[in-house]
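Chains G and A supply the protein sequences, listed in that same order.
Counted the way numbering that gives the first Met the number 0 counts, the first sequence spans residues 0 to 387.
Counted the way numbering that gives the first Met the number 0 counts, the second sequence spans residues 0 to 265.
Careful, some of the hints might be misleading.
As the list claims (entries may be wrong) - Sample of chain G residues lacking proximity to chain A, with all beta carbon distances greater than 10 Å (derived):
| no. | residue |
| --- | --- |
| 1 | Glu-58 |
| 2 | Gly-274 |
| 3 | Met-384 |
What the hints assert, rightly or not - The calculated DMTMM-like cross-link candidates involving lysine to aspartate or glutamate, where the alpha carbons are at most 20 Å apart (straight line), are:
| no. | chain 1 | residue 1 | chain 2 | residue 2 |
| --- | --- | --- | --- | --- |
| 4 | A | Lys-77 | G | Glu-26 |
| 5 | A | Lys-66 | A | Asp-80 |
| 6 | G | Lys-257 | G | Asp-288 |
| 7 | A | Lys-77 | G | Asp-173 |
| 8 | G | Lys-199 | G | Glu-26 |
| 9 | A | Lys-77 | G | Asp-288 |
| 10 | G | Lys-314 | G | Asp-377 |
| 11 | A | Lys-66 | G | Asp-246 |
| 12 | G | Lys-360 | G | Asp-180 |
| 13 | A | Lys-77 | G | Glu-133 |
| 14 | A | Lys-168 | A | Asp-191 |
| 15 | A | Lys-66 | G | Glu-152 |
| 16 | A | Lys-66 | G | Asp-173 |
| 17 | A | Lys-66 | G | Asp-65 |
What the hints contain is simulated information worked out from the structure, not anything from laboratory work.
A virtual CB, placed ideally from N, CA and C, is assigned to each residue, including glycine.
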Amino acid sequence: MQSLGYFGEFGGVYVPETLIPALEELEATFLRIQTDDAFQTEFRDLLRDFAGRPTPLYEAKNLSRDLGIRLFLKREDLLHGGAHKTNNALGQALLAKAMGKTRIIAETGAGQHGVATAMAGALLGLKTEVYMGEVDMARQAPNVFRMKLLGAEVHAVTSGGRTLKDAINEALRDWITNLRDTHYLLGTAAGPHPFPTIVKYFQRVIGDEARAQMLESVGRLPEYIVACVGGGSNAIGMFTAFVDDADVKLIGVEPAGKGIETPEHGAVLAKGTVGTLHGMRSYVLQDEDGQIHETYSVSAGLDYPSVGPEHAYLKSIGRVRYDSADDEEAIHGFHLLSRREGIIPALEPSHAIAYLERLAKEIPPGSVVLLNMCGRGDKDLQTVMNYV
Amino acid sequence: MNSRYQRRFEQLKSENRKAFIPFTVLGYPDRDRCRRTLAAMIASGVSALELGLAFSDPVADGPVIQKASFDVIESGFKVRDAFELVREARALDNEIPIGLLVYHNMVIARGGEEFFRQAADAGVDGILIADLPPESADELAAAAKRQGIDLIFIISPLTDAERIGQIAKLGGGFLYVVSRLGITGTEARYDDQLRALLERAHAATDLPLCVGFGISTPENAANMYELGADGAISGSRVVELVDRSGENFEVALQQFFEAMMQTTRE
């Protein structure tokens, strides 16, 4: 491989030997398409005409008034498919075509990445199969149906805790077996190199757009940027454009589940230690033997026991502050945005919305805050209805 | 001629024989029956042992080993218990090479050097880290060497000659040859490229070549030897036999091991 993709001490390539040829092919193709005009044009056109980019930057004036800040939402919930996942799915599906693959596979937690992959597969004529934990299939049933409508085959994963981590294991096993004709369309900025870099490359459009939109409509950069972090793709997509702006404070919000002092949470950067999972070195929730813990969050999309390696790095150098919000707060955030702004958010960004109330109390009144509204809440209606 | 692997493969070569290496997951299905499984292996005169440490996320393993690993972890069996079983196996036979199959996170959870030290102390000769490709292995290879552990690496039908040469420089013991793309234990479907891979590897290194994945019968093993393998590794079949044979599992295992050993002499 040209690089091992380390971010400081995090990242790297920790995979079975049998996957190395696939990663080499992927890295070489990824390097090539960055200067391939035809690829870039096709990607840009699909983002605009199929997915609906650019997404709006919206000043949430009611909530701003309530909180005493100026709050802007980057409306990835308005992207085709209902979440930011479409950016990466389109990009990687084009990569799969560029490699001559005929089949794409994906893992999914909340189902948004599965839906995005199924859309891209239908659009580009790629056979699509999605691995999803049995637990997640139950709590995100509408998205399972969406994937099937779009022509994807959905495999229920029954190993381990039957959630996102196990779906990734199963997708990796499929890829090891079928790498000749199959691309593994990984949905978050995690996994072995080059995935964290590829996913960032296709998601950074979020922050690039938001930065230009802020400058154009407000004439300044935000003072704070808040995004939820599970694997970390929406957050890295937003943060990347601002990492060099030293005055912009970046905050990632992890899922605290039933509380970070209980065993049932997914706050990996808060409570994890350095380890290896899914091909990368990052923070993981684990025991003293290195066995990976099951995680828990009301939000299936954040329910993951590791985190993208660049987030581990950004934490280690102090560039991003990571905090967490628990289930109860997330449900509160869900209702808050729905009632005050007429926007039903997904449970994932609901963590970030809830966090705003805490943030607003500690920052100067009138501070400009940008929040990545990375998905809409239709998929979560059942979960919220059942929540007690 | 220091390591047990070197001595054992030299001896087999001088007798014009091949190696048969059974695999099981340490602690499966419980401590006592695993102890008896290891004893049956050694009593049958198998060439070496390959023993897995149960890991929560075994991405290189198929359904049989996955489930065995899951059950072992659920039972509360820890890495120190696994080392204890190795120590007992070592006490039964001071010459048999013993290899561990592990995942990277379990090694670094203890710290590489400390993990290798504890393993060596229990009687382990070689360690294969299933998710450690050579480009990421320098540091651990050095630590393994200091602790007298042979780091064992995998090659596959897609590994070219140059890469095999690089891998062989870092590794010791033997090379674990994946007979086909895929994960452990799924159906036997041998890639046509295997013979070419074995030829390529023999040209690139003196390390013995032991083929694993999908070897569950003497016919499978004989085929591997015919294709040029120095040894055959059988894992999922062992776990299945322990699973399905009830209280007679030791008899079933011995029959299987002896049938496999028979092919090493032909």
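Here's how the hints hold up against the structure:
1. Non-interface call for Glu-58 (chain G) relative to chain A: holds, since the shortest CB-CB distance, roughly 43 Å, exceeds 10 Å.
2. Interface exclusion of Gly-274 (chain G) from chain A breaks down, the closest Cβ pair being 5 Å apart, not more than 10 Å.
3. No Cβ of chain A comes within 10 Å of the Cβ of Met-384 (chain G); the nearest lies about 33 Å off, and the non-interface call holds.
4. Taken as a hint, the Lys-77 (chain A) and Glu-26 (chain G) pair is broken in the structure, with Cα atoms around 38 Å apart against an allowance of 20 Å.
5. Among the hinted pairs, Lys-66 (chain A) with Asp-80 (chain A) is consistent with the structure: their alpha-carbon atoms are about 19 Å apart, no more than 20 Å.
6. For the suggested pair Lys-257 (chain G) and Asp-288 (chain G), the alpha carbons sit about 25 Å apart, so the restraint of at most 20 Å is broken.
7. This hinted pair does not check out: Lys-77 (chain A) and Asp-173 (chain G) have alpha carbons roughly 29 Å apart, beyond 20 Å.
8. Between Lys-199 (chain G) and Glu-26 (chain G), the direct Cα distance comes to roughly 14 Å. Compliance with the 20 Å bound is thereby established for this hinted pair.
9. Under the criterion of a C-alpha separation no larger than 20 Å, the hint pairing Lys-77 (chain A) with Asp-288 (chain G) is consistent with the structure, at around 7 Å.
10. For the suggested pair Lys-314 (chain G) and Asp-377 (chain G), the alpha carbons sit about 32 Å apart, so the restraint of at most 20 Å is broken.
11. Restraint check for Lys-66 (chain A) and Asp-246 (chain G): not satisfied, since their Cα atoms lie roughly 51 Å apart, outside the 20 Å limit.
12. Using a Cα cut-off of 20 Å, the hinted pair Lys-360 (chain G) and Asp-180 (chain G) is violated, with the two alpha carbons roughly 53 Å apart.
13. Under the criterion of a C-alpha separation no larger than 20 Å, the hint pairing Lys-77 (chain A) with Glu-133 (chain G) is inconsistent with the structure, at around 28 Å.
14. At most 20 Å may separate the alpha-carbon atoms for a hinted pair to count; Lys-168 (chain A) and Asp-191 (chain A) exceed this at roughly 27 Å.
15. For the suggested pair Lys-66 (chain A) and Glu-152 (chain G), the alpha carbons sit about 24 Å apart, so the restraint of at most 20 Å is broken.
16. A distance of roughly 17 Å separates the Cα atoms of Lys-66 (chain A) and Asp-173 (chain G); the hinted pair therefore holds under the 20 Å criterion.
17. About 52 Å separates the Cα atoms of Lys-66 (chain A) and Asp-65 (chain G), which puts this hinted pair outside 20 Å; it is violated.
Hint check: violations occur at hints 2, 4, 6, 7, 10, 11, 12, 13, 14, 15 and 17; the rest are consistent with the structure.
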